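Work the whole structure out from these sequences, hints included.
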Amino acid sequence: MITRTSQQRLYLLGRSVITPVVLAIGLLTLVACGSQAATAPRSIYEDALSTGWADWSWDSTINLAANSPVKSGTHSISVTYKAGWGGLYLHHTSVPLDGYTHLQFWIHGGGSGGQNLYVYAEDLSGRKPVQVPLSRYLPGGVAANAWKAVSIPLADLDLSDQPLTGLVWQNGTASSQGTFYVDSIRLINDGVTPTPTPQPTATPQPTPAGAPEGVIPAALGSNMMLGLSSLPDDYNWLVQSHIPWSARYTYLTGGVNTPNNWTYWNSPTGQYATYYLNNSGQAHCLPVFTYYQILASNPRPYDETLPAYVAKFNDANCMKAYYNDFKLLMQKCAAFGKPVLVHVEPDTWGYMMMTKSSPALYTVKVASSGHADATELPNNAVGFAQMLVRLRDRYAPKVLLALHASTWAEGTDITLNTDPSYNVKANAERTGAWLSALGAGWNLVFVDVADRDAAYKQIVRGQNTWWDERDLRLPNFARVASWIGYLNRKVQRRIIVWQIPLGNTKMLSCDNTPGHYQDNRVQYFLDAAYGQRHLAAWAQAGVIGLLFGRGDTNTTTNTDAERDSITNPAAINGNTRRATVADDDGGYFRERAAAYLQTPFHLPGAP
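If you number the sequence shown the way my numbering does, the last residue is 616 and the count never jumps.
Honestly, the hints are just simulated from the structure, not real lab data.
Be careful, since some hints might not be right.
Below, in silico cross-link-like pairs of lysine-lysine (BS3-like), each with a Cα-Cα straight-line distance of 25 Å or less [claimed, not checked]:
id, residue 1, residue 2
1, LYS157, LYS91
2, LYS157, LYS80
3, LYS407, LYS347
4, LYS329, LYS407
5, LYS365, LYS329
6, LYS365, LYS434
None of the values given here were measured: they were computed from a predicted structure.
What follows is the structure, encoded as C-alpha coordinates:
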(Lines of atoms letter the chains of each structure in order from A and count residues from 1; the text may use other names and numbers.)
(Lines give C-alpha, C1' and ligand atoms only; values in the text may rest on other atoms or scores of the structure.)
Protein backbone atom coordinates (compact mmCIF):
# COMPACT_ATOMS: atom_id res chain seq x y z
CA MET A 1 0.00 0.00 0.00
CA ILE A 2 1.30 3.49 -0.88
CA THR A 3 0.18 6.50 1.16
CA ARG A 4 0.98 9.96 -0.22
CA THR A 5 1.34 13.09 1.87
CA SER A 6 0.18 16.66 1.47
CA GLN A 7 3.80 17.75 1.02
CA GLN A 8 4.14 15.41 -1.97
CA ARG A 9 0.92 16.83 -3.30
CA LEU A 10 2.46 20.30 -3.42
CA TYR A 11 5.14 19.05 -5.78
CA LEU A 12 2.78 17.10 -7.96
CA LEU A 13 -0.12 19.31 -8.73
CA GLY A 14 1.87 21.86 -10.66
CA ARG A 15 -0.41 23.91 -12.85
CA SER A 16 -3.15 21.31 -12.89
CA VAL A 17 -6.29 23.20 -12.07
CA ILE A 18 -8.03 22.16 -8.89
CA THR A 19 -11.62 23.29 -8.88
CA PRO A 20 -13.98 22.44 -6.06
CA VAL A 21 -14.85 19.51 -8.24
CA VAL A 22 -11.67 18.28 -9.70
CA LEU A 23 -10.32 14.80 -10.10
CA ALA A 24 -7.41 14.52 -12.33
CA ILE A 25 -6.54 11.85 -14.68
CA GLY A 26 -3.96 13.61 -16.55
CA LEU A 27 -3.72 11.86 -19.77
CA LEU A 28 -6.47 12.87 -21.89
CA THR A 29 -6.31 15.53 -24.59
CA LEU A 30 -4.72 16.22 -27.96
CA VAL A 31 -5.98 15.32 -31.34
CA ALA A 32 -3.70 12.55 -32.42
CA CYS A 33 -0.94 13.69 -34.73
CA GLY A 34 -0.03 11.91 -37.86
CA SER A 35 -1.79 8.99 -39.49
CA GLN A 36 -5.18 7.75 -38.36
CA ALA A 37 -4.28 4.29 -39.51
CA ALA A 38 -4.65 1.47 -37.00
CA THR A 39 -2.21 1.89 -34.15
CA ALA A 40 -1.71 -0.79 -31.54
CA PRO A 41 -3.06 0.22 -28.11
CA ARG A 42 -0.41 1.47 -25.71
CA SER A 43 -0.81 0.06 -22.22
CA ILE A 44 -0.46 2.29 -19.19
CA TYR A 45 -1.77 -0.20 -16.64
CA GLU A 46 -2.53 -3.92 -17.06
CA ASP A 47 -2.00 -5.72 -13.72
CA ALA A 48 0.92 -3.33 -13.14
CA LEU A 49 2.14 0.02 -14.40
CA SER A 50 3.88 -0.23 -17.76
CA THR A 51 7.58 0.56 -18.03
CA GLY A 52 8.34 4.23 -17.38
CA TRP A 53 5.14 4.97 -15.47
CA ALA A 54 5.25 5.84 -11.76
CA ASP A 55 2.71 6.56 -9.04
CA TRP A 56 2.95 10.22 -8.01
CA SER A 57 -0.44 10.45 -6.30
CA TRP A 58 -1.23 12.83 -3.44
CA ASP A 59 -3.54 12.80 -0.41
CA SER A 60 -4.54 9.26 -1.37
CA THR A 61 -3.94 5.64 -0.44
CA ILE A 62 -3.12 3.76 -3.64
CA ASN A 63 -2.80 0.02 -4.12
CA LEU A 64 -1.39 -0.81 -7.55
CA ALA A 65 -2.01 -4.53 -7.01
CA ALA A 66 -5.54 -4.82 -5.64
CA ASN A 67 -6.77 -8.41 -5.93
CA SER A 68 -10.46 -7.61 -6.13
CA PRO A 69 -12.43 -6.39 -7.94
CA VAL A 70 -10.53 -6.93 -11.21
CA LYS A 71 -11.74 -6.24 -14.74
CA SER A 72 -9.07 -8.28 -16.52
CA GLY A 73 -5.97 -10.15 -15.46
CA THR A 74 -5.17 -10.46 -11.76
CA HIS A 75 -4.90 -6.92 -10.38
CA SER A 76 -6.46 -3.46 -10.49
CA ILE A 77 -5.67 -0.07 -8.91
CA SER A 78 -7.59 0.80 -5.75
CA VAL A 79 -7.92 4.50 -4.89
CA THR A 80 -8.97 5.91 -1.52
CA TYR A 81 -8.81 9.67 -1.17
CA LYS A 82 -7.66 10.76 2.27
CA ALA A 83 -8.69 14.40 1.78
CA GLY A 84 -10.49 16.77 -0.55
CA TRP A 85 -8.93 17.34 -3.98
CA GLY A 86 -6.63 14.31 -3.63
CA GLY A 87 -5.56 12.62 -6.83
CA LEU A 88 -4.44 9.41 -8.47
CA TYR A 89 -1.50 10.70 -10.52
CA LEU A 90 0.37 8.46 -12.96
CA HIS A 91 3.57 10.08 -14.21
CA HIS A 92 5.87 9.42 -17.17
CA THR A 93 8.82 11.39 -18.49
CA SER A 94 7.58 11.38 -22.10
CA VAL A 95 4.95 9.44 -24.08
CA PRO A 96 4.50 10.43 -27.75
CA LEU A 97 0.84 10.69 -28.74
CA ASP A 98 1.25 10.23 -32.48
CA GLY A 99 -1.47 7.91 -33.80
CA TYR A 100 -3.63 7.88 -30.65
CA THR A 101 -7.09 9.40 -30.37
CA HIS A 102 -8.53 8.34 -26.99
CA LEU A 103 -7.73 7.50 -23.41
CA GLN A 104 -9.55 4.34 -22.41
CA PHE A 105 -9.99 2.71 -18.99
CA TRP A 106 -12.46 0.83 -16.81
CA ILE A 107 -13.75 2.13 -13.47
CA HIS A 108 -15.54 0.39 -10.58
CA GLY A 109 -17.27 2.37 -7.82
CA GLY A 110 -16.69 -0.13 -5.03
CA GLY A 111 -19.51 -0.53 -2.57
CA SER A 112 -20.68 3.08 -2.74
CA GLY A 113 -20.34 4.32 -6.33
CA GLY A 114 -21.24 7.84 -7.37
CA GLN A 115 -17.72 9.24 -6.97
CA ASN A 116 -17.29 12.81 -8.22
CA LEU A 117 -14.13 12.83 -10.30
CA TYR A 118 -12.31 14.99 -12.80
CA VAL A 119 -9.68 13.91 -15.30
CA TYR A 120 -6.81 15.86 -16.81
CA ALA A 121 -3.52 15.29 -18.60
CA GLU A 122 -0.13 16.98 -18.53
CA ASP A 123 2.44 17.26 -21.28
CA LEU A 124 5.89 18.73 -21.82
CA SER A 125 4.52 22.14 -22.83
CA GLY A 126 3.89 23.10 -19.20
CA ARG A 127 0.56 24.68 -20.16
CA LYS A 128 -2.35 24.63 -17.75
CA PRO A 129 -4.24 21.35 -18.21
CA VAL A 130 -7.88 21.23 -19.23
CA GLN A 131 -9.94 19.29 -16.72
CA VAL A 132 -13.02 17.37 -17.75
CA PRO A 133 -15.69 15.89 -15.48
CA LEU A 134 -15.72 12.11 -15.67
CA SER A 135 -19.52 12.20 -15.72
CA ARG A 136 -19.39 13.67 -19.22
CA TYR A 137 -18.18 10.32 -20.54
CA LEU A 138 -19.98 8.04 -18.11
CA PRO A 139 -23.80 8.19 -18.35
CA GLY A 140 -25.25 7.36 -14.97
CA GLY A 141 -21.97 8.06 -13.22
CA VAL A 142 -19.58 5.69 -11.49
CA ALA A 143 -21.54 2.54 -10.66
CA ALA A 144 -21.45 0.68 -7.34
CA ASN A 145 -20.26 -2.93 -7.54
CA ALA A 146 -19.88 -2.84 -11.32
CA TRP A 147 -17.27 -2.06 -13.97
CA LYS A 148 -17.99 0.58 -16.62
CA ALA A 149 -15.86 1.51 -19.62
CA VAL A 150 -14.69 5.08 -20.22
CA SER A 151 -13.29 6.49 -23.47
CA ILE A 152 -12.19 10.13 -23.56
CA PRO A 153 -11.07 11.82 -26.79
CA LEU A 154 -7.60 13.23 -26.37
CA ALA A 155 -8.88 16.32 -28.16
CA ASP A 156 -11.12 17.11 -25.20
CA LEU A 157 -8.14 17.61 -22.92
CA ASP A 158 -6.51 20.16 -25.20
CA LEU A 159 -3.10 18.57 -25.01
CA SER A 160 -0.48 20.28 -27.10
CA ASP A 161 1.66 18.48 -29.66
CA GLN A 162 4.12 17.73 -26.88
CA PRO A 163 4.57 14.22 -25.43
CA LEU A 164 2.33 13.20 -22.55
CA THR A 165 3.82 13.30 -19.04
CA GLY A 166 0.94 12.64 -16.67
CA LEU A 167 -2.60 11.42 -16.09
CA VAL A 168 -4.71 12.45 -13.11
CA TRP A 169 -8.02 11.24 -11.65
CA GLN A 170 -8.84 13.89 -9.06
CA ASN A 171 -11.28 14.03 -6.20
CA GLY A 172 -13.90 16.55 -7.19
CA THR A 173 -14.98 17.32 -3.64
CA ALA A 174 -13.60 18.91 -0.49
CA SER A 175 -13.82 15.66 1.49
CA SER A 176 -12.92 12.00 1.12
CA GLN A 177 -15.00 9.65 -1.06
CA GLY A 178 -15.57 5.91 -1.16
CA THR A 179 -12.81 3.64 -2.51
CA PHE A 180 -12.97 3.01 -6.26
CA TYR A 181 -10.96 0.94 -8.72
CA VAL A 182 -9.38 1.56 -12.12
CA ASP A 183 -8.15 -1.10 -14.56
CA SER A 184 -6.93 -1.58 -18.13
CA ILE A 185 -5.72 1.98 -18.73
CA ARG A 186 -4.43 2.54 -22.25
CA LEU A 187 -4.12 4.86 -25.21
CA ILE A 188 -6.01 3.73 -28.29
CA ASN A 189 -6.80 4.73 -31.86
CA ASP A 190 -10.44 4.11 -32.61
CA GLY A 191 -9.91 4.62 -36.34
CA VAL A 192 -12.03 7.78 -36.44
CA THR A 193 -10.71 11.30 -36.30
CA PRO A 194 -11.95 12.49 -32.91
CA THR A 195 -14.43 15.30 -32.49
CA PRO A 196 -13.99 17.10 -29.19
CA THR A 197 -16.90 16.95 -26.79
CA PRO A 198 -18.39 20.46 -26.58
CA GLN A 199 -16.78 22.65 -23.90
CA PRO A 200 -17.06 26.33 -23.06
CA THR A 201 -15.03 28.36 -25.52
CA ALA A 202 -14.51 32.06 -25.60
CA THR A 203 -17.00 34.09 -27.59
CA PRO A 204 -14.96 37.00 -28.95
CA GLN A 205 -15.84 40.20 -27.08
CA PRO A 206 -13.21 42.64 -28.27
CA THR A 207 -12.12 45.74 -26.46
CA PRO A 208 -14.31 48.70 -27.47
CA ALA A 209 -13.14 50.54 -30.55
CA GLY A 210 -11.73 54.02 -30.36
CA ALA A 211 -9.30 55.64 -27.98
CA PRO A 212 -9.50 54.91 -24.26
CA GLU A 213 -11.40 57.44 -22.17
CA GLY A 214 -9.94 59.58 -19.42
CA VAL A 215 -6.92 61.78 -18.90
CA ILE A 216 -3.52 60.27 -18.13
CA PRO A 217 -2.27 62.29 -15.14
CA ALA A 218 0.94 64.09 -16.04
CA ALA A 219 2.65 62.74 -12.92
CA LEU A 220 2.35 59.20 -14.28
CA GLY A 221 4.27 59.82 -17.49
CA SER A 222 3.57 58.57 -20.99
CA ASN A 223 4.56 54.89 -20.66
CA MET A 224 2.79 51.89 -19.18
CA MET A 225 3.82 52.03 -15.51
CA LEU A 226 5.37 48.98 -13.91
CA GLY A 227 5.43 48.86 -10.13
CA LEU A 228 5.37 46.46 -7.22
CA SER A 229 4.37 45.92 -3.64
CA SER A 230 7.25 47.14 -1.51
CA LEU A 231 7.18 47.18 2.27
CA PRO A 232 9.79 49.13 4.24
CA ASP A 233 11.71 45.89 4.81
CA ASP A 234 11.88 45.45 1.03
CA TYR A 235 13.52 48.81 0.43
CA ASN A 236 17.05 47.42 0.16
CA TRP A 237 15.89 44.87 -2.42
CA LEU A 238 14.21 47.65 -4.37
CA VAL A 239 17.35 49.78 -4.50
CA GLN A 240 19.78 46.93 -5.04
CA SER A 241 17.77 45.62 -8.00
CA HIS A 242 19.00 48.69 -9.96
CA ILE A 243 15.68 48.72 -11.82
CA PRO A 244 13.98 52.08 -12.49
CA TRP A 245 10.62 51.07 -11.02
CA SER A 246 7.71 53.33 -11.89
CA ALA A 247 5.95 52.96 -8.54
CA ARG A 248 5.85 51.07 -5.26
CA TYR A 249 2.84 50.48 -3.04
CA THR A 250 1.99 49.57 0.53
CA TYR A 251 -1.18 49.20 2.58
CA LEU A 252 -2.32 51.67 5.21
CA THR A 253 -4.67 49.74 7.47
CA GLY A 254 -5.25 48.61 11.05
CA GLY A 255 -8.55 50.39 11.73
CA VAL A 256 -9.13 54.10 12.31
CA ASN A 257 -10.29 53.61 15.92
CA THR A 258 -8.03 50.79 17.09
CA PRO A 259 -4.53 50.66 18.63
CA ASN A 260 -3.36 48.79 15.51
CA ASN A 261 -3.87 51.74 13.21
CA TRP A 262 -1.12 52.62 10.73
CA THR A 263 -0.78 55.99 12.41
CA TYR A 264 0.83 54.22 15.40
CA TRP A 265 3.25 52.01 13.47
CA ASN A 266 5.98 54.62 13.95
CA SER A 267 6.39 57.68 16.13
CA PRO A 268 5.28 60.43 15.97
CA THR A 269 1.73 59.75 14.80
CA GLY A 270 1.61 59.11 11.06
CA GLN A 271 5.38 58.85 10.69
CA TYR A 272 5.06 55.55 8.81
CA ALA A 273 3.65 57.42 5.82
CA THR A 274 6.41 60.02 6.02
CA TYR A 275 9.13 57.38 6.03
CA TYR A 276 7.52 55.61 3.08
CA LEU A 277 7.13 58.79 1.08
CA ASN A 278 10.72 59.88 1.64
CA ASN A 279 12.16 56.45 0.82
CA SER A 280 10.10 56.32 -2.36
CA GLY A 281 11.40 59.71 -3.37
CA GLN A 282 14.97 58.59 -2.79
CA ALA A 283 14.32 55.54 -4.99
CA HIS A 284 12.70 57.74 -7.67
CA CYS A 285 9.43 55.78 -7.40
CA LEU A 286 5.91 57.12 -7.30
CA PRO A 287 4.60 56.27 -3.79
CA VAL A 288 1.22 54.52 -3.83
CA PHE A 289 -0.84 53.97 -0.68
CA THR A 290 -3.65 51.43 -0.64
CA TYR A 291 -5.89 52.97 2.01
CA TYR A 292 -7.81 50.00 3.44
CA GLN A 293 -9.37 51.06 6.71
CA ILE A 294 -13.08 50.30 6.91
CA LEU A 295 -12.72 46.52 7.36
CA ALA A 296 -10.39 46.76 10.36
CA SER A 297 -12.31 49.52 12.14
CA ASN A 298 -14.79 49.26 15.00
CA PRO A 299 -17.56 48.26 15.25
CA ARG A 300 -17.22 44.63 14.12
CA PRO A 301 -13.56 44.76 13.00
CA TYR A 302 -12.56 42.27 10.29
CA ASP A 303 -16.16 41.15 9.84
CA GLU A 304 -16.36 40.97 6.05
CA THR A 305 -20.14 40.72 5.80
CA LEU A 306 -22.44 43.26 4.21
CA PRO A 307 -24.24 44.09 7.51
CA ALA A 308 -20.88 44.75 9.19
CA TYR A 309 -20.00 47.33 6.56
CA VAL A 310 -23.40 48.97 7.01
CA ALA A 311 -22.78 49.14 10.76
CA LYS A 312 -19.40 50.83 10.35
CA PHE A 313 -20.59 53.38 7.80
CA ASN A 314 -23.53 54.31 10.03
CA ASP A 315 -21.49 54.78 13.19
CA ALA A 316 -20.85 58.53 13.56
CA ASN A 317 -17.83 58.09 15.82
CA CYS A 318 -16.24 55.59 13.45
CA MET A 319 -16.73 57.82 10.43
CA LYS A 320 -15.47 60.96 12.17
CA ALA A 321 -12.32 59.03 13.11
CA TYR A 322 -12.10 57.83 9.51
CA TYR A 323 -12.16 61.36 8.10
CA ASN A 324 -9.58 62.54 10.63
CA ASP A 325 -7.36 59.62 9.68
CA PHE A 326 -7.65 60.39 5.97
CA LYS A 327 -7.02 64.09 6.63
CA LEU A 328 -3.79 63.20 8.45
CA LEU A 329 -2.67 61.14 5.46
CA MET A 330 -3.37 64.07 3.15
CA GLN A 331 -1.30 66.35 5.37
CA LYS A 332 1.62 63.91 5.30
CA CYS A 333 1.40 63.72 1.51
CA ALA A 334 1.31 67.50 1.21
CA ALA A 335 4.44 67.79 3.32
CA PHE A 336 6.19 65.41 0.93
CA GLY A 337 5.64 67.94 -1.84
CA LYS A 338 5.71 65.47 -4.74
CA PRO A 339 3.00 63.43 -6.51
CA VAL A 340 1.41 60.65 -4.48
CA LEU A 341 -1.27 58.17 -5.53
CA VAL A 342 -3.83 57.04 -2.93
CA HIS A 343 -5.90 53.99 -3.81
CA VAL A 344 -9.01 54.03 -1.65
CA GLU A 345 -10.76 51.00 -0.16
CA PRO A 346 -10.41 47.98 -2.45
CA ASP A 347 -13.41 45.64 -1.99
CA THR A 348 -15.38 48.21 0.00
CA TRP A 349 -16.99 49.92 -3.00
CA GLY A 350 -17.88 46.47 -4.31
CA TYR A 351 -19.66 45.54 -1.08
CA MET A 352 -21.53 48.84 -1.22
CA MET A 353 -22.60 48.09 -4.79
CA MET A 354 -23.78 44.61 -3.81
CA THR A 355 -25.95 46.18 -1.08
CA LYS A 356 -27.56 49.05 -2.99
CA SER A 357 -28.19 49.62 -6.70
CA SER A 358 -27.17 53.28 -6.41
CA PRO A 359 -24.56 54.93 -4.17
CA ALA A 360 -27.15 57.56 -3.28
CA LEU A 361 -29.15 54.79 -1.55
CA TYR A 362 -26.27 53.53 0.60
CA THR A 363 -26.32 55.44 3.89
CA VAL A 364 -23.05 56.73 5.36
CA LYS A 365 -22.48 59.18 8.19
CA VAL A 366 -20.88 62.15 6.44
CA ALA A 367 -22.27 65.54 7.48
CA SER A 368 -23.87 63.85 10.49
CA SER A 369 -20.47 62.52 11.56
CA GLY A 370 -19.78 65.94 13.02
CA HIS A 371 -16.50 66.39 11.17
CA ALA A 372 -15.75 70.04 10.47
CA ASP A 373 -14.94 69.42 6.80
CA ALA A 374 -18.13 67.43 6.12
CA THR A 375 -20.72 70.20 6.29
CA GLU A 376 -23.57 70.02 3.77
CA LEU A 377 -22.42 66.74 2.23
CA PRO A 378 -25.13 64.07 1.85
CA ASN A 379 -25.16 61.14 4.25
CA ASN A 380 -24.68 58.46 1.65
CA ALA A 381 -21.93 56.85 -0.42
CA VAL A 382 -21.87 59.83 -2.78
CA GLY A 383 -21.24 62.13 0.16
CA PHE A 384 -18.56 59.74 1.46
CA ALA A 385 -16.73 59.79 -1.89
CA GLN A 386 -17.01 63.56 -2.13
CA MET A 387 -15.79 63.99 1.45
CA LEU A 388 -12.55 62.21 0.53
CA VAL A 389 -12.21 64.39 -2.57
CA ARG A 390 -12.82 67.48 -0.43
CA LEU A 391 -10.13 66.47 2.07
CA ARG A 392 -7.69 65.93 -0.79
CA ASP A 393 -8.54 69.27 -2.40
CA ARG A 394 -8.18 71.18 0.87
CA TYR A 395 -5.09 69.55 2.31
CA ALA A 396 -3.10 67.87 -0.51
CA PRO A 397 -4.19 68.97 -3.99
CA LYS A 398 -1.27 67.19 -5.68
CA VAL A 399 -2.49 63.78 -4.53
CA LEU A 400 -4.08 61.53 -7.15
CA LEU A 401 -7.13 59.62 -5.89
CA ALA A 402 -8.23 56.24 -7.23
CA LEU A 403 -11.48 54.36 -6.78
CA HIS A 404 -11.56 50.57 -6.96
CA ALA A 405 -13.72 48.50 -9.33
CA SER A 406 -14.27 44.95 -8.08
CA THR A 407 -14.76 42.40 -10.83
CA TRP A 408 -17.40 40.60 -8.72
CA ALA A 409 -19.43 43.58 -7.50
CA GLU A 410 -22.20 43.18 -10.08
CA GLY A 411 -22.89 39.64 -8.86
CA THR A 412 -20.81 37.60 -11.32
CA ASP A 413 -17.02 37.48 -11.05
CA ILE A 414 -15.86 38.16 -14.58
CA THR A 415 -12.41 36.76 -13.81
CA LEU A 416 -13.86 33.28 -13.17
CA ASN A 417 -16.96 33.14 -15.36
CA THR A 418 -16.85 30.44 -18.07
CA ASP A 419 -20.17 31.12 -19.79
CA PRO A 420 -19.30 32.04 -23.40
CA SER A 421 -22.63 33.85 -23.81
CA TYR A 422 -22.26 36.02 -20.70
CA ASN A 423 -22.76 39.73 -21.39
CA VAL A 424 -19.42 41.22 -20.37
CA LYS A 425 -20.32 44.66 -21.66
CA ALA A 426 -23.46 44.96 -19.55
CA ASN A 427 -21.61 43.81 -16.43
CA ALA A 428 -18.83 46.34 -16.89
CA GLU A 429 -21.20 49.18 -17.69
CA ARG A 430 -23.29 48.57 -14.56
CA THR A 431 -20.13 48.67 -12.44
CA GLY A 432 -18.93 51.79 -14.25
CA ALA A 433 -22.27 53.55 -13.86
CA TRP A 434 -22.28 52.92 -10.10
CA LEU A 435 -18.76 54.29 -9.68
CA SER A 436 -19.48 57.28 -11.94
CA ALA A 437 -22.40 58.22 -9.71
CA LEU A 438 -19.92 58.86 -6.88
CA GLY A 439 -19.12 62.18 -8.51
CA ALA A 440 -16.14 64.07 -9.85
CA GLY A 441 -12.65 64.52 -8.46
CA TRP A 442 -11.40 60.95 -8.73
CA ASN A 443 -8.44 60.60 -11.08
CA LEU A 444 -8.15 56.86 -11.70
CA VAL A 445 -9.77 53.47 -11.15
CA PHE A 446 -7.92 50.41 -9.84
CA VAL A 447 -8.86 46.85 -10.77
CA ASP A 448 -7.51 43.72 -9.11
CA VAL A 449 -7.30 40.47 -11.07
CA ALA A 450 -6.48 38.03 -8.25
CA ASP A 451 -5.28 38.17 -4.67
CA ARG A 452 -3.18 34.99 -4.71
CA ASP A 453 -1.27 32.85 -7.19
CA ALA A 454 -3.44 30.47 -9.19
CA ALA A 455 -1.57 27.39 -7.96
CA TYR A 456 -1.93 28.56 -4.36
CA LYS A 457 -5.69 28.78 -4.74
CA GLN A 458 -5.68 25.47 -6.57
CA ILE A 459 -3.69 23.56 -3.98
CA VAL A 460 -4.52 25.29 -0.71
CA ARG A 461 -8.13 26.31 -1.35
CA GLY A 462 -9.26 23.88 -4.02
CA GLN A 463 -10.27 26.70 -6.38
CA ASN A 464 -9.64 26.93 -10.11
CA THR A 465 -8.60 30.51 -10.86
CA TRP A 466 -6.21 29.89 -13.78
CA TRP A 467 -6.65 32.03 -16.88
CA ASP A 468 -5.85 30.59 -20.28
CA GLU A 469 -2.87 32.61 -21.49
CA ARG A 470 -3.62 31.56 -25.08
CA ASP A 471 -7.02 33.25 -24.72
CA LEU A 472 -8.83 30.26 -26.21
CA ARG A 473 -10.66 28.86 -23.18
CA LEU A 474 -12.58 30.68 -20.47
CA PRO A 475 -11.68 32.25 -18.14
CA ASN A 476 -8.92 34.12 -19.92
CA PHE A 477 -7.02 37.39 -20.13
CA ALA A 478 -8.80 38.70 -23.22
CA ARG A 479 -12.21 38.60 -21.56
CA VAL A 480 -10.94 40.52 -18.53
CA ALA A 481 -9.35 43.10 -20.85
CA SER A 482 -12.70 43.42 -22.62
CA TRP A 483 -14.45 44.03 -19.29
CA ILE A 484 -11.87 46.65 -18.35
CA GLY A 485 -12.33 48.33 -21.73
CA TYR A 486 -16.08 48.70 -21.27
CA LEU A 487 -15.53 49.85 -17.68
CA ASN A 488 -13.09 52.50 -18.90
CA ARG A 489 -15.53 53.83 -21.49
CA LYS A 490 -18.29 54.07 -18.90
CA VAL A 491 -16.35 55.54 -15.98
CA GLN A 492 -14.14 57.70 -18.25
CA ARG A 493 -11.01 57.25 -16.18
CA ARG A 494 -7.81 55.36 -16.90
CA ILE A 495 -7.21 52.04 -15.19
CA ILE A 496 -4.38 50.62 -13.08
CA VAL A 497 -4.28 46.85 -12.59
CA TRP A 498 -3.19 46.15 -9.03
CA GLN A 499 -1.92 43.29 -6.87
CA ILE A 500 -1.05 41.03 -9.81
CA PRO A 501 0.31 37.67 -8.57
CA LEU A 502 4.05 37.09 -8.96
CA GLY A 503 4.29 33.35 -9.57
CA ASN A 504 5.47 31.93 -12.89
CA THR A 505 5.72 28.61 -14.69
CA LYS A 506 9.25 29.18 -15.94
CA MET A 507 11.59 28.91 -12.95
CA LEU A 508 12.43 25.78 -10.95
CA SER A 509 11.97 27.87 -7.80
CA CYS A 510 8.21 27.91 -8.39
CA ASP A 511 7.49 24.33 -7.32
CA ASN A 512 4.12 24.95 -5.65
CA THR A 513 5.41 24.91 -2.09
CA PRO A 514 4.73 27.77 0.37
CA GLY A 515 6.12 31.00 -1.03
CA HIS A 516 6.87 29.42 -4.40
CA TYR A 517 3.50 28.94 -6.11
CA GLN A 518 2.98 29.12 -9.86
CA ASP A 519 0.92 31.61 -11.83
CA ASN A 520 1.06 32.86 -15.43
CA ARG A 521 0.34 36.57 -15.24
CA VAL A 522 3.91 37.89 -15.06
CA GLN A 523 4.84 36.01 -18.21
CA TYR A 524 1.63 37.02 -19.99
CA PHE A 525 2.47 40.71 -19.65
CA LEU A 526 6.27 40.68 -19.65
CA ASP A 527 7.45 37.68 -21.67
CA ALA A 528 9.99 38.69 -24.31
CA ALA A 529 8.10 36.93 -27.11
CA TYR A 530 4.53 38.14 -26.60
CA GLY A 531 4.37 40.56 -23.65
CA GLN A 532 4.35 43.74 -25.74
CA ARG A 533 1.42 42.46 -27.80
CA HIS A 534 -0.59 41.83 -24.65
CA LEU A 535 0.36 45.20 -23.17
CA ALA A 536 -0.90 46.89 -26.33
CA ALA A 537 -4.28 45.16 -26.00
CA TRP A 538 -4.65 46.12 -22.35
CA ALA A 539 -3.55 49.70 -23.07
CA GLN A 540 -6.30 49.87 -25.69
CA ALA A 541 -8.67 48.84 -22.90
CA GLY A 542 -7.56 51.89 -20.91
CA VAL A 543 -4.88 50.37 -18.68
CA ILE A 544 -1.94 52.67 -17.93
CA GLY A 545 -0.15 50.77 -15.17
CA LEU A 546 0.55 47.32 -13.73
CA LEU A 547 1.31 46.88 -10.03
CA PHE A 548 2.50 43.40 -9.03
CA GLY A 549 2.35 42.08 -5.49
CA ARG A 550 1.11 39.26 -3.34
CA GLY A 551 -2.11 39.56 -1.37
CA ASP A 552 -1.19 37.24 1.48
CA THR A 553 1.70 35.45 3.14
CA ASN A 554 2.80 32.08 1.72
CA THR A 555 2.11 33.24 -1.82
CA THR A 556 4.93 34.01 -4.23
CA THR A 557 6.88 37.24 -4.05
CA ASN A 558 9.91 38.82 -5.70
CA THR A 559 12.10 38.89 -2.56
CA ASP A 560 13.48 36.08 -0.43
CA ALA A 561 10.55 36.25 1.97
CA GLU A 562 10.86 32.53 2.71
CA ARG A 563 14.49 32.99 3.79
CA ASP A 564 15.47 29.85 1.86
CA SER A 565 18.12 31.44 -0.38
CA ILE A 566 18.51 30.21 -3.98
CA THR A 567 16.18 27.29 -4.68
CA ASN A 568 16.23 24.93 -7.66
CA PRO A 569 14.07 21.91 -6.78
CA ALA A 570 12.94 19.23 -9.22
CA ALA A 571 11.10 20.49 -12.28
CA ILE A 572 7.31 20.37 -12.48
CA ASN A 573 5.21 21.11 -15.55
CA GLY A 574 8.12 22.18 -17.72
CA ASN A 575 9.58 24.89 -15.43
CA THR A 576 13.18 24.16 -16.36
CA ARG A 577 14.99 27.46 -15.74
CA ARG A 578 17.46 27.55 -12.86
CA ALA A 579 17.50 30.45 -10.40
CA THR A 580 20.68 32.39 -9.73
CA VAL A 581 19.18 34.76 -7.14
CA ALA A 582 17.35 34.15 -3.86
CA ASP A 583 14.05 35.69 -4.99
CA ASP A 584 11.19 33.34 -4.15
CA ASP A 585 9.95 33.50 -7.76
CA GLY A 586 13.41 32.47 -9.01
CA GLY A 587 14.18 36.00 -10.20
CA TYR A 588 11.82 35.93 -13.19
CA PHE A 589 9.96 39.12 -12.28
CA ARG A 590 13.22 40.95 -11.61
CA GLU A 591 14.58 39.83 -14.99
CA ARG A 592 11.49 40.64 -17.05
CA ALA A 593 10.84 43.97 -15.30
CA ALA A 594 14.39 45.12 -15.98
CA ALA A 595 14.03 44.21 -19.65
CA TYR A 596 10.65 45.92 -19.96
CA LEU A 597 11.73 49.17 -18.32
CA GLN A 598 14.63 49.51 -20.74
CA THR A 599 12.09 49.92 -23.56
CA PRO A 600 8.71 50.57 -21.90
CA PHE A 601 5.43 50.52 -23.79
CA HIS A 602 4.35 54.00 -24.91
CA LEU A 603 0.69 54.58 -24.13
CA PRO A 604 -1.60 55.49 -27.02
CA GLY A 605 -2.69 59.10 -26.81
CA ALA A 606 0.06 60.02 -24.35
CA PRO A 607 2.39 62.93 -25.19
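So which hints don't hold here, by number, going up?
-> none
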